[in-house]
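Below are the chains, spelled out letter by letter.
Number of protein chains: 2
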Amino acid sequence: MSTEPLRIGLAGLGTVGAAFIKLLEQKNALLTRQCGRPIEVLSACARDRNRDRGVDLSNVEWYDDAVKLAEAPNLDVFVELIGGDGEPALSAVKAAIQSGKHVVTANKALIAKHGVELAILAEEQGVLLNFEAAVAGGIPVIKTMREALAGNTVSRLYGILNGTCNYILTRMEEEEIGFAEVLADAQRLGYAEADPTFDIEGNDTAHKLAIMTSIAFGTQIAGDDIYLEGISNITLADIRAARDLGYRIKLLGVAQKTERGIEQRVHPTMVPIESQIAQVDDVINAVVLETDLLGALLMSGPGAGGEATASAVMGDVADIAKSRPGRQHVPALVTPAKELAPYQRARMRSHEGGYFIRLLVRDEVGVFAAIAQRMAAANISLQSIVQRDDPDSPEKDSKAIILTTHATMETAVRQAIADIESDGHLRGSAQVIRMEPAG
Amino acid sequence: MSTEPLRIGLAGLGTVGAAFIKLLEQKNALLTRQCGRPIEVLSACARDRNRDRGVDLSNVEWYDDAVKLAEAPNLDVFVELIGGDGEPALSAVKAAIQSGKHVVTANKALIAKHGVELAILAEEQGVLLNFEAAVAGGIPVIKTMREALAGNTVSRLYGILNGTCNYILTRMEEEEIGFAEVLADAQRLGYAEADPTFDIEGNDTAHKLAIMTSIAFGTQIAGDDIYLEGISNITLADIRAARDLGYRIKLLGVAQKTERGIEQRVHPTMVPIESQIAQVDDVINAVVLETDLLGALLMSGPGAGGEATASAVMGDVADIAKSRPGRQHVPALVTPAKELAPYQRARMRSHEGGYFIRLLVRDEVGVFAAIAQRMAAANISLQSIVQRDDPDSPEKDSKAIILTTHATMETAVRQAIADIESDGHLRGSAQVIRMEPAG
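Chains A and C, in that order, give the protein sequences.
Yeah, the first sequence ends on 439 if you go by the UniProt record's numbering, and it's all consecutive.
Yeah, the second sequence ends on 439 if you go by the UniProt record's numbering, and it's all consecutive.
Don't take each hint at face value.
[Claimed, not checked] To be clear about the criterion: a stretch of chain C counts as covered by chain A if any three or more of its residues have a C-beta under 8 Å from a C-beta of chain A, and this derived list gives those stretches:
(1) 131-140
(2) 295-309
[Unchecked claim] Partial pick of chain A residues on the chain C-facing surface, computed with a CB cut under 7 Å:
(3) 34
(4) 294
(5) 300
(6) 315
It should be emphasised that the hints constitute simulated quantities derived from the structure, not laboratory data.
Beta carbons are placed, not taken as given, at the ideal position from N, Cα and C, and that holds for glycine.
All chains should be built: construct the whole structure from the sequences, respecting the hints.
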């Protein structure tokens, strides 16, 4: 067992990088005791050397080039906090692995796009590729899936994986404020980016989902082959109707094994108000893993932020510090990367589940009957039907019809909606939100 | 990296042992691929060799003596599923460690009582002592605390750690049935033991809490030095009053660092109905870890059962299978066992928190004023006051007074209650339930 310091090269000194260095400074004695050896940042690189990050870098060797840092011979671990699925992150991580270093990264875009290739490289070199911080921030979901669930077969997983969306939905519900207004406020408070598209349209959730899907089902990562629906379309009327029916609306990433392949989907979802995941509010993330041995395992905690992300990075680094030198066998994606099966996507139209459908109609005789007939013709079994005045509509003669269905094929729902729309009774278009039986 | 089989000796073939062997049979290929080597049960022992357990033991070498099995030279790992804090479990685990084997155990009583001694032995021998299954069954809370939370400082942890109690409280609330009736039903269904004392009086929760406390705070395990209050005293009137105030009652184990030492306490607790932990129902367990870096991390899942417990045992075994040979540095209790600080108990009377107090009084003029005066005299700040008819009382002239307090010292509450009782207005004795600000 080595008691030599674990030597780290750190690329990227943004919020997470600075939090990681602070953490090492403040908890040095604790970490050394737990790991049996000190952890030291020997070298670092970032875009701007002179920016004040509130940390002491005077003893750290400075590199201007991340790839050069990754290749440096005097390091055990390369910590990549640069971000992005392109350069210099990709080349730097490859260079680190090829020069025999373990890699710890918080980069979800990189793993979602190049994870299989990097895992193959790491397994050839016998080094660890750890990326706990890439999924759900401070929640140890990767460790749980990679290690704790040995022998479990996952049937479905789902989660709240984007803090910005969850923050917006929570405030819309709690304060009865519309989407645009909450988004503007979230941007002002720093909870949403100036260009929020990547978060609110579900792309960020999709990256994290794709990584978990690969680990859960032993398939190649398919970050670009995911059904995506964001939250920008969700209105206060949806949120109120959900509440009246005993549901909340959350943006979920869901991966599920079916007979037709794997469903990977990101969409606003109605979850029962008495489920645990419905209570996950604000920027908090949560993941539920459904397995044959455990039923459902839920984890929730901070999905982002400097300290929470640094905590996940430190967990990965500490595992390396505690491990003994020599070749490692911990496949990055649990299944050895060369043996990952091809990803086979189940088409969304074959998805089967409950649906919430909100229709705004003219208040005329026969409209309701016409709608009911279209649903029946598509063989859709209705669970609940609510018809009422629509307080949000400027037109006095509008009614809202809110339907929820028993388990139904998506293709049937789409057909029924198309028929109802073509009948000409609707004001605007139908709102369709999937319902998930959440644990 | 070894590709030789990991050779296991398994002591104890009850529900968990049989589930473990079945799991190895059914998931052999999966586990071999993930671990890079096969896992094989070479030897086993149990009280009765001939009982039908639904598993094939024909290729397993049989021992009648667990200690002999633990000493056998041809094994890498000793899996202890005997249970109990005495013999033969204790001697067998010691013998395994002393003969250089890694140990995996599901035995919470053993770890709660002898964990420090066993950890010292394991660290001297450089072997792993893994006990994920001992706390919260299939929830990977030990792995999370030992590994994922490196660098975190825990301030408080709490959890629902006993499925029997949670099942009883859930059914009392959902079906409005009294404690005794639900308990009898739980016994009939196998959710409660014939002698349920150990579960319902909180001892089982205390064992698990003590182990987590040691890991969280770096102190010696103090399983016998815990404030204990079970659920047998909880009535439907409490549960209804809790609901009216926006709370649910859960049996929590709580460990908290204070200026006066560590509070370890097990008691019925009012948790806000909109908190996640309030939604943890039936036999499900949950743990919340509050740390400086993460805020709150919650995990919930199955706390018991053959398959869930076998899953945790398998996770521990797989970690050993993946690890390389040689001396290990993963202190069983995170802090090297010889460096654990003495446990210093904070006395319960110095506990500070919110309190729910339910008093049954004679419906007479002045009673309420007398009670209010006693609370004021003890300097207790009230948060809410409800006075109403008591539907559960056989006597028509009874009123229930339900008070909740802001953060208050326990000693003040005890004094006020003693004074109120001595005033002679009460029917029966006061019910006091602590409130926990749950995340």
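Here's how the hints hold up against the structure:
Coverage of the segment 131-140 of chain C by chain A holds. Counting CB-CB distances below 8 Å, 4 residues qualify, and the rule asks for three or more. Counting residues of the segment 295-309 of chain C whose CB falls under 8 Å from any CB of chain A gives 10; the rule of at least 3 is met. Evaluation of the residue 34 of chain A hint against chain C yields a held restraint, the C-beta minimum of about 6 Å falling below 7 Å. Look at residue 294 of chain A: its Cβ gets to within about 5 Å of chain C, closer than 7 Å, so that hint holds up.
This hint holds: residue 300 of chain A has a C-beta 5 Å from the nearest C-beta of chain C, less than the 7 Å allowed. A hinted interface residue such as residue 315 of chain A counts as satisfied when its beta carbon comes closer than 7 Å to some beta carbon of chain C; here the least separation is about 4 Å, so the hint holds.
Of the hints listed earlier, there is not a single one the structure fails to meet.
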